[in-house]
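Asker: All chains should be built: construct the whole structure from the sequences, respecting the hints.
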Amino acid sequence: MKKQLSIAILLLCSSIAFADEVKKADKDNDGTLDKKEITDKKIVKSFDQIDTDADGTIDAKELAAYFEKK
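If you use my numbering, the sequence shown corresponds to residues 3 to 72, in order.
Relax, there's no trap hidden among the hints.
Simulated crosslink set (BS3-like; lysine-lysine; CA at most 27 Å straight-line):
| id | residue 1 | residue 2 |
| --- | --- | --- |
| 1 | LYS43 | LYS25 |
| 2 | LYS38 | LYS63 |
| 3 | LYS44 | LYS63 |
| 4 | LYS26 | LYS37 |
Computed beta-carbon distance windows for the label pairs:
| id | residue 1 | residue 2 | range |
| --- | --- | --- | --- |
| 5 | LYS47 | GLU70 | 16 to 22 Å |
| 6 | LYS71 | ALA21 | 16 to 22 Å |
| 7 | ASP55 | ASP30 | 16 to 22 Å |
| 8 | THR54 | ALA27 | 16 to 22 Å |
| 9 | GLU23 | GLY58 | 15 to 21 Å |
Since the hints were made in silico from the structure, they are not lab data. Values in this document were obtained by computation on a predicted structure and should not be read as measured data. In this text, a Cβ means the ideal position worked out from N, Cα and C, and glycines have one as well.
Answerer: Below, the structure written as structure tokens:
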């Protein structure tokens, strides 16, 4: 039970951290990042893998899910 709670807390914290990063980089304030708004080369290179819904943008949930796999 403690392990599950710890994992849930880590996931929540990572989602919040990614939401903050998206908000900082989101120049058009639409809540997502397109390729023009991203400056991190690793994220640009992996954009299509991160953009799991293939809408041409990535959001905090997609970023968190991508980095949780790594």
